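**Q** Protein chains in written order, with our numbering: chain F, 46 to 834; chain U, 46 to 834.
By construction, these hints were calculated from the structure, which means they are not laboratory data. In this text, all values refer to a predicted model and were calculated from it rather than measured experimentally. Take the hints with a grain of salt, since some may be wrong.
Same chains, same names: a pair is fine if it fits in one copy or spans any two.
[As the list claims (entries may be wrong)] Pairs of lysine to aspartate or glutamate, EDC-like flavour, derived with a Cα cap of 20 Å:
(1) LYS138 with GLU655
(2) LYS138 with GLU643
(3) LYS135 with ASP779
(4) LYS253 with ASP395
(5) LYS135 with GLU655
(6) LYS313 with ASP779
(7) LYS135 with GLU778
(8) LYS138 with GLU828
(9) LYS178 with GLU681
(10) LYS313 with GLU643
(11) LYS431 with ASP779
(12) LYS138 with ASP779
(13) LYS253 with GLU681
There are 2 protein chains.
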Amino acid sequence: MALNEKTHLLESGRTTYNGSSSQSDVGYGNSLQVEHNENVAANDVRMRRTTWDRSPKSPEEVQQMGTMKLLSSKFESLDYDIVENSLYFKEQKQVGSKTSMIRRIQTARWFVMLLIGVITACIAAFIDVMIDKLAGAKYALVSKYIDHDLESTSILIPFLLWLAVDVGFVSIAAILVTFVEPVAAGSGIPQIKCYLNGVKIPHVVRIKTLFTKVIGVIFGMSGGLAIGKEGPMIHSGAVVAAGISQGRSTSFKFDCKLFQYFRSDHEKRDFVSGGAAAGVSAAFGAPVGGVLFSLEEGASFWNQSLTWRIFFASMVSTFTLNVLLSYYHNDPWSLSSPGLVNFGQFEGKDYYGYEIPIFIAMAVIGGLLGALFNTVNYRLSVFRIKYLYKRWMHLVEAMLVASVTATLAFLAIYNIQDCRSLPQEEVKYPLQMFCADGEYSATASLFFSTPEASIKNLFHDPPDAYSVKTLLVFFIVYFLLSCWTYGLNIPSGLFIPCILTGAAWGRLFGILINTVLPDAQLSDPGKYALIGAAAHLGGVLRMTISLTVILIEATGNITYGLPLMLVLVFAKWIGDIFNEGLYDIHIQLQSVPILPWEPPQLTANIHAREVMNQPVVTLNTIENVGRIIDVLSCKESKHNGFPVVDPHDQNGSTFGTFRGLILRDQLLIILKHKAYSTFPLSDASDHKLRTKDFQNSYPRFPDISTLNITHLEQQSSVDLRPFMNQAPYSVSEDASLPRIFRLFRAVGLRHLVVVNDCNEVVGIVTRKDLARFRVSGHGVGLEQLFIST
Amino acid sequence: MALNEKTHLLESGRTTYNGSSSQSDVGYGNSLQVEHNENVAANDVRMRRTTWDRSPKSPEEVQQMGTMKLLSSKFESLDYDIVENSLYFKEQKQVGSKTSMIRRIQTARWFVMLLIGVITACIAAFIDVMIDKLAGAKYALVSKYIDHDLESTSILIPFLLWLAVDVGFVSIAAILVTFVEPVAAGSGIPQIKCYLNGVKIPHVVRIKTLFTKVIGVIFGMSGGLAIGKEGPMIHSGAVVAAGISQGRSTSFKFDCKLFQYFRSDHEKRDFVSGGAAAGVSAAFGAPVGGVLFSLEEGASFWNQSLTWRIFFASMVSTFTLNVLLSYYHNDPWSLSSPGLVNFGQFEGKDYYGYEIPIFIAMAVIGGLLGALFNTVNYRLSVFRIKYLYKRWMHLVEAMLVASVTATLAFLAIYNIQDCRSLPQEEVKYPLQMFCADGEYSATASLFFSTPEASIKNLFHDPPDAYSVKTLLVFFIVYFLLSCWTYGLNIPSGLFIPCILTGAAWGRLFGILINTVLPDAQLSDPGKYALIGAAAHLGGVLRMTISLTVILIEATGNITYGLPLMLVLVFAKWIGDIFNEGLYDIHIQLQSVPILPWEPPQLTANIHAREVMNQPVVTLNTIENVGRIIDVLSCKESKHNGFPVVDPHDQNGSTFGTFRGLILRDQLLIILKHKAYSTFPLSDASDHKLRTKDFQNSYPRFPDISTLNITHLEQQSSVDLRPFMNQAPYSVSEDASLPRIFRLFRAVGLRHLVVVNDCNEVVGIVTRKDLARFRVSGHGVGLEQLFIST
């Protein structure tokens with residue numbers, strides 16, 4: 046078969062992989078056989094701190110990590126499909142007669158979105174103000190020594206002072222992340238992408254994570270690292286949404302008893318979409334971009350009323366932030382700060398049609414630089430996973446990066462004397478350094494300002510504001526630093542460093558063009574800085590429609606839409622030749638079974654029977670309690686969904702006729718409430734379970750080992766029919782992979798039962814079975830990943 | 046049952062409705078029994094000119110029309126689901142080994158989108174320039190008589206001249222639409238909404254329609270009607286897309302043999318999405334709004350690469366139009382005309398937080414006015430359908446409206462002497478009228494300018510530019526005229542009249558507020574004009590996220606995002622209390638089975654067995670040719686999809702086991718190519734049919750009556766298995782309506798087979814069966830529509 050020839054089969058030492066061995070979310074078939082040694086326990090504690098899935102890792106598993114051809118079966122999926130069982134139908138019938146309840150729930154949804162928008166904006170404003178204060182304090186402290194006493198005292202004192210402050214600040218952030226909540230590291234966008242895609246990442250939307258993220262990013266930024274606060278805002282928005290929508294906090298053991306209706310994966314994910322959008326909106330002043338981000342990452346199907354609510358949260362978020370920051374800047378209601386980062390006005394900076402080829406050339410450069418960035422960062426990340434997995438190592442590395450950053454900046458300022466006269470408008474942190482009175486050091490302002498201010502400078506300062514040498518050094522230093530920094534145990538956005546690096550080389554490119562073609566009237570290098578920023582961002586992130594819209598909104602000029610879009614597309618195309626976007630690399634390094642937007646090409650000839658897991662563990666419509674306990678307790682294969690079948694004694698068939706689907710969580714609640722009859726195989730169980738019983742246990746269902754079921758009870762039986770999803774989606778074993786894929790993604794499934802011509806259960810398809818097939822490097826091949834247990 | 050109590054059962058005179066009588070797209074069950082009389086033939090010709098479905102209508106059917114509780118079974122659906130049969134799999138296998146082909150098709154898709162963008166923009170520019178020229182010529186002609194000879198000659202001469210020109214222009218447009226292509230009437234947005242929703246509207250994407258639309262809108266606008274050219278642009282873009290993507294024109298009998306791969310409903314609809322987006326983009330300079338419009342109306346599932354291409358077409362369209370119009374205005378590369386309509390710069394016009402309640406009050410007014418507008422227009426439309434169905438009547442009505450429009454404008458100008466001194470900047474068409482030298486009549490400029498220019502004036506003219514009387518008269522006159530005009534046999538956009546009406550009362554409101562609260566520093570009524578425009582537009586159209594983004598993009602100021610959004614949401618909420626959006630009203634008047642975004646509420650207790658059609662006409666896997674011909678020729682029930690079953694002789698079951706699905710079009714091609722064996726019931730048919738044979742016949746498949754099949758051939762049999770879709774989606778008869786609905790919309794189905802526990806075909810669900818259930822008036826009830834044959 047053509048396909049198999051294309052499939053790269055990866056054989057690995059002692060480990061037995063089993064490609065099609067996961068039912069439910071978690072591996073069905075054989076478990077990974079590893080030799081345990083004494084170090085396992087010690088390793089456990091250490092390793093669970095560096096990966097997203099938080100489960101103990103053996104040394105062998107550690108060795109496996111760092112390959113991109115692996116899917117971890119430790120990640121579970123969200124249950125986005127609504128369980129339509131008898132209880133649900135009964136409840137719906139009651140709701141039908143109470144239209145006021147429908148209205149109340151609708152109103153509550155809008156109200157929650159309002160809260161999400163407001164609180165996300167408050168957090169954004171808090172971060173912005175705190176960084177402003179801390180950075181201001183640092184500047185005041187250091188500049189006192191630099192400017193005035195430069196000739197009288199040694200340069201060493203301000204340097205050491207600066208170094209100490211930076212390392213101190215960064216240590217606070219690193220300690221928090223390492224010891225309080227490791228999942229708060231990085232930008233959070235990969236994690237939120239996974240969550241919206243339908244994968245549960247443990248702790249990702251906990252309030253502790255929010256706390257760590259916010260404090261961490263404030264100190265990281267103030268410590269002068271090459272990071273941004275925009276990515277973390279998206280994560281923060283998502284956590285706010287998850288928290289508020291549930292009306293309670295498990296961390297704080299607090300339950301306000303509101304919004305109980307929203308306690309399901311389905312509702313929670315909808316709110317998290319809104320929170321992520323509100324975060325984008327607050328970060329970039331880009332409400333439409335925020336909506337598109339959520340749709341792009343999370344959209345199953347275009348849900349009109351949900352999209353409205355997401356849009357509302359976005360709008361409220363940017364508006365609230367605007368009001369708060371306007372107030373902070375002593376100009377209430379000027380409403381000039383829609384987002385944390387602002388590219389300033391590009392009005393009047395027109396481009397000409399014949400510049401478009403130049404822009405595309407820049408996109409090619411951006412794609413190449415981005416691919417380089419990603420390769421270097423990938424290797425660094427693998428190195429970190431393999432060797433730097435102890436907590437103290439994370440801490441030391443963060444401190445090292447902080448020192449190097451401070452040292453390099455200081456060296457650059459010290460060595461490049463790029464003096465400019467102070468302009469009329471304020472320069473926020475003017476450093477005189479070795480310049481004459483009335484002048485300031487351009488190099489210093491670039492290195493010392495907050496990244497956001499530097500971006501605005503690079504975009505809008507007059508053509509001669511920076512020398513070629515300053516820009517070149519800044520570009521190289523910032524490229525290397527940002528590459529090293531991303532992946533540290535620090536909350537760190539990637540947008541701003543990329544924009545800054547790109548703006549630096551873009552401006553450089555603009556100066557170059559002006560030198561080569563002095564007559565072309567392309568006088569403004571700020572325009573090229575913008576294009577360079579887009580190209581670099583596109584090359585590193587390979588993000589997409591939402592990124593384009595975010596950039597257009599941040600630029601505030603619709604005429605730049607076409608060039609920005611072209612640049613992002615070309616940068617993506619060039620970069621994709623070499624590797625994937627940085628977020629995707631980090632997601633794959635964590636072996637998350639994420640589903641792409643479309644079925645991989647060349648899979649039309651792969652059919653359900655080749656994709657599915659079999660044999661399937663099924664339950665009978667009236668099942669023995671002991672058997673259910675056995676199935677749920679099975680250590681090797683922790684399944685989350687079980688097809689319910691009619692017993693298959695009639696035709697001598699080996700399979701049972703498909704009747705419904707029941708989830709592990711439901712079974713646990715049934716057992717907990719003992720909704721079974723003590724007479725074996727009687728279906729007269731007049732249980733009193735209600736939907737609320739299932740909602741109240743969400744999202745922490747009891748473990749099977751904590752349930753206390755007597756031996757006598759184990760003899761009794763339970764009628765699963767009232768609880769099972771009566772008509773879940775199923776496909777024929779002839780269905781092609783793209784067809785299964787489209788169904789799976791479009792309606793947000795967790796389990797898809799495969800039936801034969803007689804409607805008997807022959808297999809089950811889960812997320813990992815589909816995520817296994819991936820387009821290989823150059824866009825047209827196909828490769829298969831392996832599923833670890 | 047709670048549901049049935051809520052259902053309004055509509056019983057109608059002699060007509061027997063059958064709620065669940067449509068398999069495939071077209072009614073299964075009993076046909077409507079009507080008495081035919083002699084007038085039927087005469088009515089046929091007339092009626093087919095006024096409805097979208099173009100089929101002959103009996104007088105009884107005419108009587109039925111004009112109710113909103115009917116679905117016509119004459120409309121067919123698009124086949125968006127890919128037919129995955131053996132031929133397809135074989136072809137995919139070949140493609141798999143030729144990666145160059147995948148690349149070529151991908152490149153062709155981008156290239157087609159480029160062409161769509163460029164050509165749509167060219168058409169937009171052509172319309173704009175032609176209207177400019179014609180309106181300019183009219184102005185030159187009339188103003189010569191008005192300004193200079195006002196005192197020497199009678200006022201009658203310029204008035205009659207004006208009247209004659211307007212009526213002449215409008216007649217040209219009305220004649221074209223009435224006699225050449227009636228579907229070109231109106232804005233075209235309802236038709237495109239239906240097409241993107243998956244309903245075939247005959248002739249809607251033909252080149253003849255485009256021609257009629259373009260010429261019609263030019264003459265309609267130049268004739269001074271209260272219409273816009275923006276809606277027609279969206280339709281034009283869609284036609285351009287459909288034409289180019291097919292690489293041929295059936296109207297012109299021209300086939301360039303390119304893009305054969307794109308000859309399927311699936312591919313064509315994707316391109317039409319791009320065309321509609323390019324149209325929005327050209328009309329409003331709103332590329333992101335265009336993308337959202339297409340997604341909102343058409344999106345099944347978020348398809349990432351398609352969305353990119355749609356975005357690309359949008360961007361190219363706005364860019365090309367910008368270049369063309371900049372060139373026309375003698376300022377190449379100023380790139381200041383991204384769209385046909387431009388709201389001008391709102392920089393510097395800030396709003397204050399405490400104005401938001403005022404804006405919401407305006408939204409309430411807008412919602413009420415919009416509801417009034419819709420009710421009046423609805424009654425007018427029903428009147429037109431019932432009584433004004435002859436061609437000459439359409440023509441006369443259009444001419445009447447043109448005369449009344451001209452007369453009212455003239456009377457207003459004549460009676461209201463609102464003289465203003467000529468400002469420094471040019472006023473494009475200054476009319477002195479009875480004013481002193483150096484002054485011009487504000488009333489005249491409002492009535493005489495193109496609507497686009499008037500909008501800009503209302504938004505940006507200084508606070509005292511218009512008297513209260515001028516605004517009030519203009520608002521009332523324009524409200525009535527635009528309401529009367531929409532629905533004429535004229536291509537006519539609705540956006541601009543709504544914006545203009547709203548801007549007029551918004552400005553009035555602003556003046557009022559300033560009088561009541563003189564100290565509140567809300568000095569600029571232009572701001573209120575913008576909010577009024579949004580409120581009115583929201584009240585009439587009830588459009589949605591894309592409308593918000595379009596307005597934000599046209600305003601060019603992101604800070605107005607929140608108020609615009611709030612106003613649109615509130616206007617929609619208020620308006621929805623009374624009736625639906627105008628586009629939806631017109632769609633429902635045409636009885637189109639359009640599917641809403643989400644399943645109607647309160648339907649969770651309705652199950653597949655209550656929704657589906659039964660009995661189903663099925664075909665056996667190896668079927669007799671004679672039986673196929675019988676089934677296809679059946680006049681009463683023209684089905685489009687047939688479940689293929691195993692013969693059901695084994696268990697004595699009345700149903701056959703479900704094996705696949707085959708479409709009418711496929712059967713016709715099989716018969717046409719005689720892909721059957723002459724030996725009865727032999728499956729050894731070594732047919733040579735290929736996918737290309739099916740593609741080449743698209744979209745005009747032969748009629749069954751034109752196929753010449755001998756009596757002997759009718760004895761032979763055909764093996765349907767290689768041609769049928771092997772694993773189409775199916776649901777259990779227990780599946781709930783929302784579950785069926787989500788599947789249906791998310792993957793774009795035309796037929797969904799319902800099976801029982803033994804996988805036997807018991808029914809089939811089509812678009813109309815789902816469209817039947819609709820949320821009733823107040824948002825929480827449920828009503829059922831009736832399906833006519």
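**Q** All the hints need checking, so say for each whether the structure fits it.
**A** A quick look at each hint next to the structure:
1. LYS138 with GLU655: between (41 Å within a copy, 16 Å between copies)
2. LYS138 with GLU643: Only across copies: LYS138 and GLU643 sit 19 Å apart there, 37 Å inside one copy, limit 20 Å.
3. LYS135 with ASP779: between (35 Å within a copy, 15 Å between copies)
4. LYS253 with ASP395: neither (47 Å within a copy, 39 Å between copies)
5. LYS135 with GLU655: The answer is between: 17 Å across copies meets 20 Å, while 39 Å in one copy does not.
6. LYS313 with ASP779: For LYS313 and ASP779, neither the intra-copy (35 Å) nor the inter-copy (27 Å) Cα distance is at most 20 Å.
7. LYS135 with GLU778: Answer is between; shortest inter-copy Cα gap is 18 Å, intra-copy 33 Å.
8. LYS138 with GLU828: Only across copies: LYS138 and GLU828 sit 16 Å apart there, 48 Å inside one copy, limit 20 Å.
9. LYS178 with GLU681: Neither: 54 Å inside a chain and 79 Å across chains, both beyond 20 Å.
10. LYS313 with GLU643: between (24 Å within a copy, 19 Å between copies)
11. LYS431 with ASP779: So LYS431 and ASP779 fail the 20 Å test inside a copy (42 Å) and across (52 Å) alike.
12. LYS138 with ASP779: Classified as between: cross-chain Cα gap 16 Å, same-chain 37 Å, threshold 20 Å.
13. LYS253 with GLU681: neither (32 Å within a copy, 67 Å between copies)
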